[in-house]
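Chain residues, written in single-letter form:
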Amino acid sequence: MTGRGGLFGVLAEFERKEDLLAAARKVHAEGYRKVEAYAPFPVEGLAEALGMDRTRLPWVVLAGGLTGAAGGFFMQVFASAVDDPLNIGGRPTASWPAFVVIAFELAILFGGLSALLGMLALNGLPQPYHPVFNVPRFALASQDRFFLSVEADDPRFDPDRTRTLLAELRPVGIYDVER
Amino acid sequence: MTPRPPVVRPGHTYASVTEKISAVVLSGRMPRSWTAGAAAGLALVLLFFYAVGLLFSAGIGIWGVNVPVSWGFAIVNFVWWIGIGHAGTLISAILLLMRQSWRTSINRFAEAMTLFAVACAAVYPLLHLGRPKFWYWLFPYPNTMGLWPQFRSPLVWDVFAVFTYGLTSLLFWYMGLIPDLATMRDRARGRFARAVYGFLAMGWRGAARHWLRYETAYVLLAGLATPLVVSVHTVVSFDFAISILPGWHSTVFPPYFVAGAIFSGFAMVVTLAVPLRKAYGLEDFITECHLDNMGKVMLATGLVVAYGYLMETFFSWYGGSRYEAAMMADRLGGAYAPAYWGTLACNVLATQALWFRAVRRRPLPLFGAALVINVGMWLERYVIVVQSLHRDYLPSAWHMYYPTVWDWATFAGTIGLFLTLFHLFVRLLPSISMFELRALVPPAPGEARG
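Here the protein sequences line up with chains V and L, keeping their order. Just so you know, we're using this note's numbering here: the first sequence kicks off at 13 and counts up by one. Just so you know, we're using this note's numbering here: the second sequence kicks off at 17 and counts up by one.
Any given hint could turn out to be false.
Claimed, not checked - From the structure, some residues in chain L lie toward chain V, with a derived Cβ separation under 8 Å:
1. K149
2. W153
3. P156
4. N159
5. G182
6. L187
7. R221
8. L228
9. Y230
10. L236
11. L237
12. L240
13. F451
Hint data in this document are derived by calculation from the structure and do not stem from the laboratory. Just so you know, these numbers come straight off a predicted model, no measurement behind them. Even glycine gets a Cβ: it sits at the ideal position worked out from N, Cα and C.
Just chain V, with the same shape it has in the complex:
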């Protein structure tokens, strides 16, 4: 756990997404929980195979959007009816239909910002350093190969047994990941 040096985990490389999916299911079924799968594009069912089936992100975006809408609306009411009321032809100062457009635009703006920033925050990005990048072959994870990593922190992790388990899944290669 202390700085560099030591084993972070083992990494298995696969050529096809079906193999990765099968491997993820198998390793999860064996009781490993500190497992991560890497793919060059979203693979349907992969996160589910690792036991993650949903994300809180929609709620973050909903909260952001509502904040934008309410904030925008009350900003306009405050500006036009409270802080600087102008009586123009006896029209109401808090003429809400005129405020809908800006409230709507701000709902979109805040919703959109919370979608991107929420995604990054929940994913723990930006993350300049991660041990998997120490494996040179991992550069292919953003191109055409699929990887499965089992971390040494996992209570079930055993260098030999875990390697044997991964080897049974017919990977193209197995690599040690240094911290």
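The hints should help you fit chain L onto chain V, whose structure is shown.
Okay, now just chain L, sitting in the frame of chain V:
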């Protein structure tokens, strides 16, 4: 039903898709057409700087604007550019929600087009302010004058709409780029390039849990961008429709403007796609099928626009307002009639060629149609702004509008700005979304489907 043709030509693998698209940037090969295009763009940017510099020192008087046509080229070009932007968001958001997988080959550069078009559009209202250094007065901020913007004004709505639109498009584009930036980081050879791509990719490593949140965020952003696209051009049309000027005060404006925006935007996507696929040999990814689909969208939106023209004419007769009727008579036969008939010739007549498969599926005829439509949509905005404005209720206020050489120079300058930005984009970032295209690669023959 016959199966749909594949979006990517057969024979590609994950590796070949990645290789081919990233090579456009990483190989360092610069086709002569790129150099020529970038040089032309840069020359026009210089003209732009000169024209804007002169405007700042001499004032708005160097333009042809006057009373009553106080909105001249600036607003014509603003509406034209912002309309062009719409196809990019339409492709990335609405077609994504509708699960149209053909969008994948064109969404990245269409989104870039949106950003650059919005940047060009935003230049005009700022210059038109007369005192551009006070542009931030349009935003609500606590100030010593104790003043707020007039939130009931469509012009202030426009500020919020366009600002939101620009920023949301940027978010969408950047988010779509993150996984591809990681690919560029892993493939780039130079230290500097690796550092820059790596910084922008923020340590993306394609973990399954990351992808799940990523896809959720992408769909949510698309869901937000879809009503945004419709709202932006609706708000732009409010700038006109909420006034009481004959020729502007019309309820058909919001839908008609939105359709026109998509129409001109798709024309611009075609204008960019045809040379792009030719210059870099991307015919495997931007296939005839894509050209065909874009042609169909242009045809459909063109017909909506034609309906808008018809209804405008019909209302001015059926509405019984003599001022509306006089405006329409002037539009059909007055001083600006050539611009109006030109609009009809480009947008209604020429568009009918898109009924033919042979036109839609061949790059050159389609490119020609797209250019004609771009001109036609510009003429349409010219007619709406200038012709409606030059004659209102009082004959004593009637006046002609003549664009000056500086109007034209500024317009040419923004085209140059757009060209330059687009050429830089093609050289520096993958112009087709690699990770989305990988997911569409058909399984190799003999390989079982998962």
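Evaluated hints:
With a least beta-carbon distance of about 23 Å to chain V, the hint placing L:K149 at the interface is violated under the 8 Å criterion. A hinted interface residue such as L:W153 counts as satisfied when its beta carbon comes closer than 8 Å to some beta carbon of chain V; here the least separation is about 14 Å, so the hint is violated. A cut of 8 Å between beta carbons decides the hint on L:P156: the least distance to chain V is about 6 Å, and the hint holds. The closest approach between the C-beta of L:N159 and any C-beta of chain V is roughly 12 Å, which is over the 8 Å cut-off, so the hint fails.
At a threshold of 8 Å, the smallest CB-CB gap from L:G182 to chain V is about 10 Å, leaving the interface hint violated. The criterion of a C-beta within 8 Å of any C-beta in chain V is met by L:L187, whose closest approach is roughly 5 Å, and the hint holds. Evaluation of the L:R221 hint against chain V yields a held restraint, the C-beta minimum of about 6 Å falling below 8 Å. Hint on L:L228 holds. Least Cβ distance to chain V is approximately 4 Å, under the 8 Å limit.
This hint holds: L:Y230 has a C-beta 6 Å from the nearest C-beta of chain V, less than the 8 Å allowed. For L:L236, the suggested interface contact is upheld, since its CB lies about 5 Å from the closest CB of chain V, less than 8 Å. Among the interface hints, the one on L:L237 holds; its C-beta lies about 5 Å from the nearest C-beta in chain V, closer than the 8 Å criterion. Interface hint at L:L240: satisfied, since its Cβ lies 5 Å from the closest Cβ of chain V, which is below the 8 Å cut-off.
Taking 8 Å as the C-beta cut-off, the interface hint given for L:F451 holds, the closest approach to chain V being about 5 Å.
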